[in-house]
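In my numbering, the protein residues as written are 1 to 218.
These aren't lab readings, by the way, just hints derived from the structure by calculation. Backbone N, C-alpha and C fix where the C-beta goes; we use that ideal spot for every residue, glycine too. Hints are not guaranteed to be accurate.
Across the chosen pairs, the derived CB separations fall in these ranges [said to hold, decoys possible]:
#	residue 1	residue 2	range
1	187	158	37 to 43 Å
2	160	132	38 to 44 Å
3	146	171	18 to 24 Å
4	41	101	26 to 32 Å
5	68	42	19 to 25 Å
6	158	179	42 to 48 Å
7	103	44	19 to 25 Å
8	101	181	25 to 31 Å
9	160	57	18 to 24 Å
10	181	42	38 to 44 Å
11	84	145	31 to 37 Å
12	158	63	19 to 25 Å
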Amino acid sequence: MQFLSTFISLMAYISFATHIVASPHKVDPAPLSKVFIMKQTMDYSQGSLPIYAPDGTVVYRFVRNILDPITGFTTILLDHPATHVSIVLQGVNNLCAHKTTYTQLDSGPQKMQFEIDPNGLLKDQWSFSYLDTTGTQQNFKFDRNYASKEGEIHHLVKNQDGDLVAELRNQKRTDSWLTTPSVHEVDTYTLSCTEDSPQVELVMLMGLVMSRVHDCGL
């Protein structure tokens, strides 16, 4: 009986250990404590769309230029005012209901790429990747809701959803720097992500989703 009890305990431990190793998720998910905010209005009157920190500081500026509306040739610029560093993507076939790829332009190896697959009558499929400092490609997927541009972003591990790294949500915010005496709440598109997430790439994704849904609907 003692042998049987020991055997059962050993098998239970092996099963538990195997589950832990096989799972692509962390035991304790990191909080989505980092927040970036865009106004829902696509107002390019100032030349770019500001992306705010929770205190109202403009931390990024997003610019989209459609150079050829027939072929969908487009450039996307994400500027970081504090460092004067800009990231530029080039998009081909940037047309509604067409598969679109945006690739980072630089003199070195490809670092950042975003893909949109309209997926027919189903919801769009979004993914992006980048090369980390070791040259390893990191892959992510945006699981957009069918009826809105909200959704979750997961790190992909062997083509499976791994840890949740970010969420995109429509919000009504009442921050003092957003409101006015006559406007008490403002519609925003908000990115919430983990501290160790690829925040530049996620902010770029937020701008791309915002633009695509504005132009093409859901």
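How the hints compare with the structure:
1. For residue 187 and residue 158, the hinted distance range of 37 to 43 Å is satisfied, since their beta carbons lie about 38 Å from each other.
2. A hinted range of 38 to 44 Å for the beta carbons of residue 160 and residue 132 is inconsistent with their spacing of about 19 Å.
3. Between residue 146 and residue 171 the beta carbon distance is about 19 Å. The supplied range of 18 to 24 Å therefore holds.
4. The hinted window of 26 to 32 Å between residue 41 and residue 101 holds, with their beta carbons roughly 27 Å apart.
5. Checked against the given bound of 19 to 25 Å, the beta carbons of residue 68 and residue 42, roughly 20 Å apart, stay inside it.
6. At roughly 46 Å, the beta-carbon separation of residue 158 and residue 179 lies within the given 42 to 48 Å, and the hint holds.
7. With their beta carbons about 23 Å apart, residue 103 and residue 44 fall inside the hinted range of 19 to 25 Å.
8. Roughly 45 Å separates the CB atoms of residue 101 and residue 181, a value that falls outside the hinted 25 to 31 Å.
9. Hint check: residue 160 to residue 57, Cβ distance near 37 Å, so the stated range 18 to 24 Å is violated.
10. In this structure the hint that residue 181 and residue 42 lie 38 to 44 Å apart at CB is violated, the actual value being about 25 Å.
11. The given range of 31 to 37 Å is respected by residue 84 and residue 145, whose C-beta atoms sit roughly 36 Å from each other.
12. Range check, residue 158 to residue 63: Cβ separation about 36 Å, and the 19 to 25 Å hint is violated.
The structure shown violates the earlier hints numbered 2, 8, 9, 10, 12.
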